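Chain by chain, the residues run as shown.
Number of protein chains: 2
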Amino acid sequence: MGELRLASNGSSPQRLVSVQAALAPFLRFVTESVWASRHESPDVCDFVFGNPSEPPLVPFVEALHRSVIPGNVQWYGYKWSEPGAQEVIARTLRKRTGLPFEPADICMTNGAYAAISVTLRAILESGDEVVFLRPPWFFYEALIVAYEGRAVRVSIDDNTFDLDLNAIAAAITPRTRAVIVNSPHNPTGKIYRPETLAALASLLAAASARHGRRIFILSDEAYSRIVFDGAACHSPAEFYPDTFVIYTYAKTLLTPGQRIGYVALPPQMMDRDRLRLDLLTAQLVTGFAFPNALLQHALAELEDLSLDLEHLQRKRDGLVGALRSIGYDVHVPEGTFYLLPRAPGGDDVRFCERLEGVDVFCLPGTVVELPGYFRISLTANDEMIARALPRFAAAFQA
Amino acid sequence: MGELRLASNGSSPQRLVSVQAALAPFLRFVTESVWASRHESPDVCDFVFGNPSEPPLVPFVEALHRSVIPGNVQWYGYKWSEPGAQEVIARTLRKRTGLPFEPADICMTNGAYAAISVTLRAILESGDEVVFLRPPWFFYEALIVAYEGRAVRVSIDDNTFDLDLNAIAAAITPRTRAVIVNSPHNPTGKIYRPETLAALASLLAAASARHGRRIFILSDEAYSRIVFDGAACHSPAEFYPDTFVIYTYAKTLLTPGQRIGYVALPPQMMDRDRLRLDLLTAQLVTGFAFPNALLQHALAELEDLSLDLEHLQRKRDGLVGALRSIGYDVHVPEGTFYLLPRAPGGDDVRFCERLEGVDVFCLPGTVVELPGYFRISLTANDEMIARALPRFAAAFQA
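Chains as they are written, first to last, in the numbering used here: chain B, 175 to 572; chain A, 175 to 572.
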């Protein structure tokens, strides 16, 4: 994407300019950084994104291979949410949350990115406020702006990486329509505890009642199955009925280029008929945001697959130990596939440049509004991690 | 989708209500019609949508089957527009149009629906007017409204089904941002002639100059390869530089559930750097509207495939002849896979109900703003067509 020029957007539509402003740190990084020009060079150690560095799961490839073979003449015909896929997911969510999710309340989407897009489109009035957490996923603000909302940042607790409930409460106004929660949280790896989610639920229920307007939770659960030490990851839906449960298989299977996910409406959510219609409408006009036929046919097989969590945990533990022994200040994430060391010297951009000097690429925290830290993706393979360690040491000592 | 209730959208966001109003004829048809409840019953003859009624193309399945096997560790990693796919398409467009299309100017999307969505998002200021033709594809108006535009209808010539250039000229105002052209045209099957496209180009160039603002053509070329009698189908891009060429493989391969397509910027289009960035931004916030990895890997193979056009033409000719011999008034389409007979008696809704009485389902023209006609999809198989003919006769005589 190196040939894009970010400066020359003189006569772009006004809303798109706002979207581009929100995306600028990301777009600049992926189009203009040293990483952009060098990350595919030999010998480079690339820890920037959660991209695969090992062959895809064999059973994933086998499932697609089997599902390619048409089972009927409509195999590749128009697909919205396929009943078979909805059934499988409702069963999983019932088991996971204990709530009696209904298949009809599962809206199949082409990934979580699309799921967040269509949910925002389905619920936002122009000017509605959406609270999201800093540090955020790259795209929350851009999506909120794109769907006519106002993006309201609330920082997580700097010390514990936990939700700052007082700050969330303080950010809510009569125009608040939704709060985006992401647990396990990218990039801190924090899993919010049941008691925290229960307190958030009380707070939002009280605010909804006070303002006479439902405040929804958009629960981005992309990493809900990427947890360490057998940790439990609870959904806000267990505590708050007005929660859109959003999931993608892209993290669990490490296949972000083959997109399938969903928005699920919990059974206690009121007015689900209308919300389902609103989501369907939003899916239609968001470029037909349904997953491809092949992935829906394969879903029953994909549901039970996962990247090797034990291997991921060994990488986490090995790298945390090695970085600490070099002298890095790094905490132990409970989930996701990211480490988040503090940048030695405090300037993450400058420190990442120093790493670039030894052909190691990490994401500067500044790109996700978390200056002072840098993000390492544990999706790198063992060989790359081993190759990088002396370079992490060299950069630390430089 | 039978359980959706269209009436209860009391507190949906305002823009979504407008979108739903635009979608109402379609949504009502697919959720509340007799077709909705009965089209999968045995013995039914379903001519409503361009959906497959025969097994998918064997080389299509083989291409996917081959492409499922990972060629590298990033096979299912993040994909935007894959250079290999861009190359193939640029080559095809060069050959087809004679214009030196550049690979970098091909934005890969998950189908034409997404391509139209992201193009509208990339170019529309709130309140901009978009001219589209009546009878339209189901979703143009909803998309225009969803992307903050004002939908301006212009009827085609009732007798020739050709563009009515005077009516288009009369519809243009200083707020006009784009004209959507669809050739071959769904549902009339009309292919616009080079001289008509040249006249449209002059008209739009003059209007752009007069108002000091570029008017774009969105050229929906979904059916550009579904042409009969070896007819040539020219792109407006050959005549007008500010044309977004929009294509999907879903019609040519008859695989609407497996979505890949593109927006291509012609080489004479000014300001392509900025427009590419605007399209990329639009793709990101339109739910990551890029095609899946598998389809991009397979694209070089898919590019040369097509449903059996000779067979389709035999179905067209056989059905036109048979319907005419019954007494139906039906013209011979030049492209697309639709026939468009006049409804005997003039009331298409009532006549389609009569057909439903003998288990034949067609699309009432009223659903696409063309009362007095009904649409028959030639994607039905020979057996279904043969089975339907006596019923078409019975309904005609009833």
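Just so you know, the hints here were simulated from the structure itself, not pulled from any lab data.
Computed from a predicted model, the values in this text were never measured in an experiment.
Ideal placement from N, C-alpha and C gives every residue a C-beta, glycine not left out.
It cannot be assumed that every hint is accurate.
[As the list claims (entries may be wrong)] Counterexamples of contact, computed for chain B against chain A with all Cβ distances above 10 Å: (1) P230; (2) H239; (3) R270; (4) L273; (5) G285; (6) E299; (7) H385; (8) G404; (9) P441; (10) D445.
[What the hints assert, rightly or not] Covered stretches of chain B (chain A as the covering partner; in silico rule of three or more C-beta atoms under 8 Å from a C-beta of chain A): (11) 188 to 197; (12) 240 to 247; (13) 250 to 264; (14) 357 to 364; (15) 453 to 463; (16) 563 to 571.
[Stated by the list, open to error] Calculated Cβ distances over 12 Å to all of chain A for the following chain B residues: (17) A343; (18) H485; (19) G495.
Hints, verified against the model:
In this structure B/P230 is not separated from chain A by more than 10 Å, as the shortest Cβ-Cβ distance comes to only about 5 Å. Taking the minimum C-beta to C-beta distance to chain A, about 5 Å, the non-interface status of B/H239 is violated against the 10 Å cut. At roughly 24 Å from the closest C-beta of chain A, the C-beta of B/R270 stays outside 10 Å, upholding its exclusion from the interface. Every CB of chain A is more than 10 Å from the CB of B/L273 (nearest about 20 Å), matching its label as outside the interface.
A beta-carbon of chain A is positioned within 10 Å of the beta-carbon of B/G285; the least distance is around 6 Å. Distance to chain A contradicts B/E299 as a non-interface residue, since its nearest Cβ pair spans about 5 Å, not more than 10 Å. Here B/H385 stays apart from chain A, with its beta-carbon at least about 14 Å from theirs, past the 10 Å limit. Under the 10 Å C-beta cut-off, the non-interface status given to B/G404 relative to chain A holds; the minimum distance is some 27 Å.
Once the 10 Å rule is applied to beta carbons, B/P441 is consistent with being away from chain A; the minimum gap is 15 Å. Consistency note on B/D445: stated as away from chain A, yet its beta-carbon is not over 10 Å from all of that chain's, at 8 Å minimum. Proximity of the segment 188 to 197 of chain B to chain A, defined as three or more residues with a beta carbon under 8 Å from a beta carbon of that chain, is established by the 6 residues found. For a cut-off of 8 Å, the count of residues in the segment 240 to 247 of chain B with a CB near a CB of chain A stands at 4, and the three-residue condition holds.
As drawn, the segment 250 to 264 of chain B meets chain A at 5 residues by the rule of a beta-carbon pair under 8 Å; at three or more, the given contact holds. By the rule of at least three residues with a Cβ nearer than 8 Å to a Cβ of chain A, the coverage given for the segment 357 to 364 of chain B is violated, with 0 such residues. Coverage of the segment 453 to 463 of chain B by chain A holds. Counting CB-CB distances below 8 Å, 9 residues qualify, and the rule asks for three or more. Proximity of the segment 563 to 571 of chain B to chain A, defined as three or more residues with a beta carbon under 8 Å from a beta carbon of that chain, is not established by the 0 residues found.
In this structure B/A343 is separated from chain A by more than 12 Å, as the shortest Cβ-Cβ distance comes to about 24 Å. A cut-off of 12 Å between C-beta atoms confirms that B/H485 is not in contact with chain A; the least separation is 15 Å. Against the 12 Å criterion, B/G495 stays outside the reach of chain A, whose nearest CB is about 26 Å from its own CB.
When held up to the earlier numbered hints, the structure conflicts with 1, 2, 5, 6, 10, 14 and 16 and fits the remainder.
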